[in-house]
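Protein chains in written order, with the numbering used here: chain V, 1 to 305; chain G, 1 to 305; chain H, 1 to 266; chain B, 1 to 266.
Keep in mind the hints are simulated off the structure, nothing from the lab.
Take these hints with a grain of salt, some might be off.
In silico BS3-like links for lysine-lysine, alpha-carbon gap of 30 Å or less [as the list claims (entries may be wrong)]:
| no. | chain 1 | residue 1 | chain 2 | residue 2 |
| --- | --- | --- | --- | --- |
| 1 | G | Lys235 | B | Lys265 |
| 2 | G | Lys92 | V | Lys180 |
| 3 | G | Lys146 | G | Lys51 |
| 4 | V | Lys235 | G | Lys176 |
| 5 | H | Lys159 | G | Lys205 |
| 6 | B | Lys91 | V | Lys135 |
| 7 | G | Lys2 | V | Lys205 |
| 8 | B | Lys190 | V | Lys51 |
| 9 | G | Lys160 | V | Lys146 |
| 10 | G | Lys51 | H | Lys177 |
| 11 | V | Lys136 | G | Lys235 |
| 12 | B | Lys204 | V | Lys205 |
| 13 | B | Lys247 | B | Lys164 |
| 14 | G | Lys92 | H | Lys16 |
| 15 | B | Lys70 | B | Lys177 |
| 16 | B | Lys204 | B | Lys186 |
| 17 | G | Lys51 | V | Lys146 |
| 18 | V | Lys157 | V | Lys135 |
| 19 | G | Lys51 | G | Lys136 |
| 20 | G | Lys51 | V | Lys176 |
| 21 | V | Lys176 | G | Lys15 |
| 22 | B | Lys204 | H | Lys91 |
| 23 | G | Lys15 | V | Lys205 |
| 24 | B | Lys247 | V | Lys92 |
| 25 | B | Lys166 | B | Lys241 |
| 26 | G | Lys235 | V | Lys205 |
| 27 | H | Lys117 | H | Lys91 |
| 28 | G | Lys180 | V | Lys2 |
| 29 | G | Lys180 | V | Lys136 |
| 30 | G | Lys136 | V | Lys146 |
| 31 | G | Lys136 | V | Lys135 |
| 32 | G | Lys51 | V | Lys135 |
| 33 | G | Lys205 | H | Lys164 |
Taking beta-carbon pairs under 10 Å as the criterion, some of the chain B residues facing chain V (in silico) [unchecked claim]:
| no. | residue |
| --- | --- |
| 34 | His10 |
| 35 | Met225 |
| 36 | Lys238 |
Don't be surprised by glycine CBs; every beta carbon is placed ideally from N, CA and C.
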Amino acid sequence: MKKDLSVEIAGVRFKNPVWTASGTFGYGLEFRDFTDLERLGAVVVKGLSLKPRTGNPAPRIVETPCGMLNAIGLQNVGVEAFITEKLPELEKIDTRIVANIFGETVAEYSEVAKRLDGAPGLSAVEVNISCPNVKKGGIVFGTDPKEAFRVVSAVRKAAKRLPVITKLSPNVTDIKVMVKAVEDAGTDAISLINTIPAMVVDVEKRRPVLANAIGGLSGPAIRPVAVRLLWEARKATRLPLIGIGGIMTAGDALEFIIAGAAAVQVGTASFIDPDSAVRVVDGIEGYLGRHRTTLKELTGSLEVN
Amino acid sequence: MKKDLSVEIAGVRFKNPVWTASGTFGYGLEFRDFTDLERLGAVVVKGLSLKPRTGNPAPRIVETPCGMLNAIGLQNVGVEAFITEKLPELEKIDTRIVANIFGETVAEYSEVAKRLDGAPGLSAVEVNISCPNVKKGGIVFGTDPKEAFRVVSAVRKAAKRLPVITKLSPNVTDIKVMVKAVEDAGTDAISLINTIPAMVVDVEKRRPVLANAIGGLSGPAIRPVAVRLLWEARKATRLPLIGIGGIMTAGDALEFIIAGAAAVQVGTASFIDPDSAVRVVDGIEGYLGRHRTTLKELTGSLEVN
Amino acid sequence: METRINRQAHLLYNRKIRDGYFRMGVGFATPEVAPGQFVMLRVAESFDPLLRRPLGVYKVLGSRGKWAFKGTGVELLYRVVGRGTHLLSTKEPGETMDVLGPLGNGFPVINGVESTKVIMVGGGMGIVPFHLLRKVFPEALFLFGARGAVEAGLASDFKGMGRKLKITTEDGSVGTKGLVTALLKKEITKGSVIYACGPPGMLKAVAAMALREGSRCYVSLERAMACGIGVCLGCAVKTRKKEKTYKMVCSEGPVFDSTLIDWEKL
Amino acid sequence: METRINRQAHLLYNRKIRDGYFRMGVGFATPEVAPGQFVMLRVAESFDPLLRRPLGVYKVLGSRGKWAFKGTGVELLYRVVGRGTHLLSTKEPGETMDVLGPLGNGFPVINGVESTKVIMVGGGMGIVPFHLLRKVFPEALFLFGARGAVEAGLASDFKGMGRKLKITTEDGSVGTKGLVTALLKKEITKGSVIYACGPPGMLKAVAAMALREGSRCYVSLERAMACGIGVCLGCAVKTRKKEKTYKMVCSEGPVFDSTLIDWEKL
Ligand SMILES: Cc1cc2nc3c(=O)[nH]c(=O)nc-3n(C[C@H](O)[C@H](O)[C@H](O)COP(=O)(O)OP(=O)(O)OC[C@H]3O[C@@H](n4cnc5c(N)ncnc54)[C@H](O)[C@@H]3O)c2cc1C
Ligand SMILES: Cc1cc2nc3c(=O)[nH]c(=O)nc-3n(C[C@H](O)[C@H](O)[C@H](O)COP(=O)(O)OP(=O)(O)OC[C@H]3O[C@@H](n4cnc5c(N)ncnc54)[C@H](O)[C@@H]3O)c2cc1C
Ligand SMILES: Cc1cc2nc3c(=O)[nH]c(=O)nc-3n(C[C@H](O)[C@H](O)[C@H](O)COP(=O)(O)O)c2cc1C
Ligand SMILES: Cc1cc2nc3c(=O)[nH]c(=O)nc-3n(C[C@H](O)[C@H](O)[C@H](O)COP(=O)(O)O)c2cc1C
Ligand code: FES
Ligand code: FES
């Protein structure tokens, strides 16, 4: 018997709990040759800003032990081009689309959300708050509970019809404080984690490898940190949580689900194998069969001494 | 020509900038069969508390991608046994000994420091502030600048003759705030980073693998995070910094040194090869020869756009 | 010669003896090895997997001493259970591999113990230390428990023991049907000295039986390990003593007096 | 057949042709490959190293089409420069390996370009795409620059070109002494169409010369890559255009019109 893998998050039903992570799956269409997009729970597209952005100088990526750094600089086509060029194509595919958004000011965030609200074929917005607020001397929205509250409140207001998912940065002393702040701001769900700030030095050139010096660490190296943060967040809220960080296999995804994630996102793994997310779906299905259990029963079933 | 690798930190001259990291090198003596202890810059011993501690239930360790978690629970022989049983043996070895200390209250920290002050053969104390303050509801000294200030001030006062090195936790939003706090408290040097809190779930048992649920992530996986934090700390203080995190090779150590570390500590690598730290010394020597440069010139020579 | 080495060794052979089971010869000037000691092997030139894997010494290749054995290499006998042992199984003769050891304390050879009183109890891969130990106690009994015929085949090297080798399998395919503790029950006497190695459940049952009969009993335990030399304090096992609650399997074991262990917490 | 595949392929052979240089045959039903396209290979069943490695297609094994080539596998030609390529070099025939490709855009075959006007310029490992490209332009010249005799040996497959192959080495050990740009200087004319692949310094000099002479010039660039399919936006190269500053080497290249590139920022 086919297992029911569907999950409801913020009033929207998703085929299954396996989504792709923003920035690692382009606009989805690029993967058509390599994977069956219709088997995914959702495609979360590359972060969108009000205006197109050209991104950072090269080098932008570097490999690290069991991980990689990226400093793409949030290059993207901009929200308008997304709506007019990408979304119509994506609508033809039977999978849910989530738009990841960011801005440099609260006003920009809310403007992007407003444009996306009501765009046909969109199921939710995911707010990337790991960005500096240029109006506040570059303080990162996602590391200051007050700023996070402001930006999420504004998006919540702007996106009248769309569920809002807030994506948290791991770069905080206490994730519970951030969870509370964005919950108070009215977010419908929380996804975590974004990348961990990191640096690699080229010892021959005595320079950072990345032109931007610092980049975000992703991949299997960060998974144990992400699972811990997911579990801490789980204890701080009843909102649906979406686990992200180093998921390469179904077993990895199940760690998050057992710790309390309603869904997960597959990121860097899609670079190593563009079919990774679908393999995760298959693996979860197999696990549920083998253990004669359901996704619902499994979610948050972690037992701790 | 033999390169001069010696460095002076807090008024003490070390043979070279390669130390072992606390908790990964026992009390040093266990490595006599496998490495030449006299070729190390310093041996930092397992964290010492006022009373002996038996540590956490098993399992205490688990492997992760390019890393491992540990939740040893700071098992140690206690400061008295260290002074009477270990230190006399260590004194016979021509290498510097640094005592890593911790406590559950400010008073305990300062008591341990007091006992060590004047102990023959000791070159410095390293204060591990990544511990919960039991008197303050478990708030971790190392993630709260006020608590960090209090504990380091107290140790500074208690350790009249010994240089004090404060070891920072990476688990903070802004490392610069912690650097300032411990600098104001009078620390002579700063070492960073301690492990990153993390978790692994056993998906078959639906339990955390570690009996303690959460453990500290160490090993190459965390190196890029550690290098970034070292560099951020470098920009916030002129105190000597000691870089720690995922150093497996001389190249890794040089990343920290170029980013501004006066010395480094080799941790998890000693489990994979007990001779790792000495190989790092050799590799740094080779690099300096090949590049016709000196340690002094190299330290902090990172060029950033 | 040093007592413990950390060296690049040469893989001499790596033979599949049955599905999932391999014998690997590793060449290096081998210090004295006591039965029950182990080595830590680096399974790949990679940090994923990061940690070395512990494997018991099955044979010493070359000359032998009296209680302990030195030579020109060791033979390991291992089962593929995960990624580390899988990587080991793909290695080819001529490749090099980092070896650390021999580590831990072997089975204690107690003064005045007669070989005839010794009962060796092995379960599954727990057979490994007994190939060396039976040279120390030529008259000892060896009771070996296996799941089925494949695992029972591991005892083929012990055939020369004749009637002193008794095999039991869970499915009855070889020897008697049942658990090895049933064999032990028939053989154990007050004066027996038991040496056991195998899965935790078996060891617990053996220890309980030894306690009831008043026999001395030594068990070899397993734990995930990082350092293998007693410094990471990762391989802790809870003891019944109050004062020092944990012992390290790598440096204070892997062999322990069974009365020392807190079997409830194992 | 799909145009691009993501599949487990079989390693057919992996021959050291000289120190540090290997030819590897990888078997899989190969979609059409244009000269200049590449594949991404997973070098180990490990996450250290994590990312696939890009390698150009040197030959297509099996049948051929007209501009593009399909078959039963590809031959790769690579140099060991780091851990990924070292791991590749240890692989044995019969092993499997994940292959993604063919990726990127090959060298553009421009309408009306006569083979006789084409100059192919390769430096070092930049020789790779020309084995396929010369089948498209049988009359083309091939100027190959190498550091010394070992690298110059890579051109042995091109011997059949006779006088259309010109080799230069930095140390003068084979062919003329000097850089490949010196050869180009002699051959370039206004009507030339240049296809170049090699180290960045060489490409920059070739592009500059083409610009001066008014020749069209296409260069194949390299960048560290994560995805190979244009989604991570990691392999950016700066262009001279204002509006869209960066292009992706993997999906919009690796071959670019040389006038498009901001050579100062390369
Ligand atoms: C002192 C000592 C001596 C040993 N001697 C031998 C020997 O001679 N032959 C042999 O085949 N094995 C022996 N083992 C067990 C061997 O070390 C493990 O099987 C091996 O480390 C597993 O590595 P892996 O990467 O293949 O499996 P992992 O991927 O690490 O684990 C795969 C599965 O095996 C389990 N596992 C991991 N470690 C152990 C362990 N130590 N014991 C039991 N299960 C484990 C895991 O829980 C998991 O379910 C010994 C262990 C110790 C501590
Ligand atoms: C489109 C494309 C096609 C390629 N085709 C071939 C080919 O046919 N044959 C071949 O031998 N190589 C080719 N390369 C280069 C090859 O991808 C790299 O040499 C390889 O990825 C290095 O991996 P590594 O792990 O061995 O080295 P790493 O450990 O990653 O790096 C070792 C050293 O090599 C340098 N390096 C890393 N990547 C590159 C790169 N892309 N170019 C130049 N230097 C690099 C690093 O800076 C470092 O100094 C191609 C690259 C690209 C982008
Ligand atoms: C190349 C790259 C680009 C990314 N771009 C974005 C982005 O635009 N917006 C965002 O919220 N997260 C972005 N991320 C973060 C991922 O969505 C994800 O949170 C992170 O990589 C951790 O998951 P992983 O370890 O599975 O990759 C990016 C990650 C990578 C590697
Ligand atoms: C098993 C283990 C035990 C540790 N014990 C201590 C300790 O007692 N005190 C301390 O300050 N740090 C302790 N650490 C942290 C290390 O000293 C070091 O900061 C950390 O492991 C990061 O370095 P690495 O990646 O090189 O291991 C321990 C680390 C490990 C792995
Ligand atoms: S494995 Fe480190 S103490 Fe035993
Ligand atoms: S490698 Fe990912 S966009 Fe080119």
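Here is what the structure says about each hint:
Using a Cα cut-off of 30 Å, the hinted pair G/Lys235 and B/Lys265 holds, with the two alpha carbons roughly 28 Å apart. A distance of roughly 55 Å separates the Cα atoms of G/Lys92 and V/Lys180; the hinted pair therefore is violated under the 30 Å criterion. Of the pairs offered as hints, the one joining G/Lys146 and G/Lys51 holds, with about 26 Å between alpha carbons and a cut-off of 30 Å not exceeded. With a CA separation close to 29 Å, the supplied pair V/Lys235 and G/Lys176 stays within the 30 Å bound.
The hinted pair formed by H/Lys159 and G/Lys205 fails the criterion: a straight-line CA distance of about 39 Å is larger than 30 Å. Distance restraint check for B/Lys91 and V/Lys135: the Cα-Cα separation of roughly 54 Å exceeds the 30 Å cut-off, and the hinted pair is therefore not satisfied. Between G/Lys2 and V/Lys205 the alpha-carbon distance is near 24 Å, which keeps this suggested pair within the 30 Å criterion. Our distance criterion of 30 Å between C-alpha atoms is broken by B/Lys190 and V/Lys51, whose separation comes to about 42 Å.
Between G/Lys160 and V/Lys146, the direct Cα distance comes to roughly 42 Å. Violation of the 30 Å bound is thereby established for this hinted pair. The straight-line distance between the Cα atoms of G/Lys51 and H/Lys177 is roughly 52 Å, outside the 30 Å bound, and the hint therefore fails. Between the alpha carbons of V/Lys136 and G/Lys235 the distance comes to roughly 21 Å, so the proposed pair stays at or under 30 Å and holds. Simply put, B/Lys204 and V/Lys205 have alpha-carbon atoms about 21 Å apart, close enough for the 30 Å limit, and the pair holds.
Restraint check: the Cα-Cα separation between B/Lys247 and B/Lys164 comes to about 34 Å, which exceeds 30 Å; the hinted pair is violated. This hinted pair does not check out: G/Lys92 and H/Lys16 have alpha carbons roughly 49 Å apart, beyond 30 Å. Restraint check for B/Lys70 and B/Lys177: not satisfied, since their Cα atoms lie roughly 38 Å apart, outside the 30 Å limit. Of the pairs offered as hints, the one joining B/Lys204 and B/Lys186 holds, with about 18 Å between alpha carbons and a cut-off of 30 Å not exceeded.
Of the supplied pair hints, the one linking G/Lys51 and V/Lys146 is violated, its CA atoms being roughly 43 Å apart against a limit of 30 Å. A distance of roughly 20 Å separates the Cα atoms of V/Lys157 and V/Lys135; the hinted pair therefore holds under the 30 Å criterion. Distance check on the hinted pair: G/Lys51 and G/Lys136 sit about 20 Å apart at the alpha-carbon level, within 30 Å; holds. Distance hint between G/Lys51 and V/Lys176 is unfulfilled; the C-alpha atoms sit about 33 Å from each other, more than 30 Å.
With a C-alpha separation of about 45 Å, the suggested pairing of V/Lys176 with G/Lys15 is violated against the 30 Å cut-off. Distance restraint check for B/Lys204 and H/Lys91: the Cα-Cα separation of roughly 45 Å exceeds the 30 Å cut-off, and the hinted pair is therefore not satisfied. Of the supplied pair hints, the one linking G/Lys15 and V/Lys205 holds, its CA atoms being roughly 26 Å apart against a limit of 30 Å. For the hint linking B/Lys247 to V/Lys92, the alpha-carbon distance of about 27 Å falls within 30 Å, and the restraint holds.
At most 30 Å may separate the alpha-carbon atoms for a hinted pair to count; B/Lys166 and B/Lys241 exceed this at roughly 35 Å. Between the alpha carbons of G/Lys235 and V/Lys205 the distance comes to roughly 20 Å, so the proposed pair stays at or under 30 Å and holds. For the hint pairing H/Lys117 with H/Lys91, the CA-to-CA distance comes to about 41 Å; that exceeds 30 Å, so the pair is violated. A hinted pair counts as satisfied when its Cα atoms are at most 30 Å apart, and G/Lys180 with V/Lys2 does not qualify at roughly 58 Å.
For the hint linking G/Lys180 to V/Lys136, the alpha-carbon distance of about 22 Å falls within 30 Å, and the restraint holds. Distance check on the hinted pair: G/Lys136 and V/Lys146 sit about 25 Å apart at the alpha-carbon level, within 30 Å; holds. Restraint check for G/Lys136 and V/Lys135: the C-alpha separation of about 36 Å exceeds 30 Å, so the hint is violated. Annotation: proposed proximity of G/Lys51 to V/Lys135 is violated, straight-line Cα distance about 52 Å (limit 30 Å).
For the proposed pair G/Lys205 and H/Lys164, the alpha carbon gap of about 40 Å is over 30 Å, so the pair is violated. At its closest, the beta carbon of B/His10 sits 18 Å from a beta carbon of chain V; the interface hint therefore is violated under the 10 Å criterion. For the restraint placing B/Met225 at the interface with chain V, the shortest Cβ-Cβ distance is roughly 8 Å, inside the 10 Å limit, so the hint holds. A least Cβ separation of about 7 Å between B/Lys238 and chain V falls short of the 10 Å threshold, and the interface hint therefore holds.
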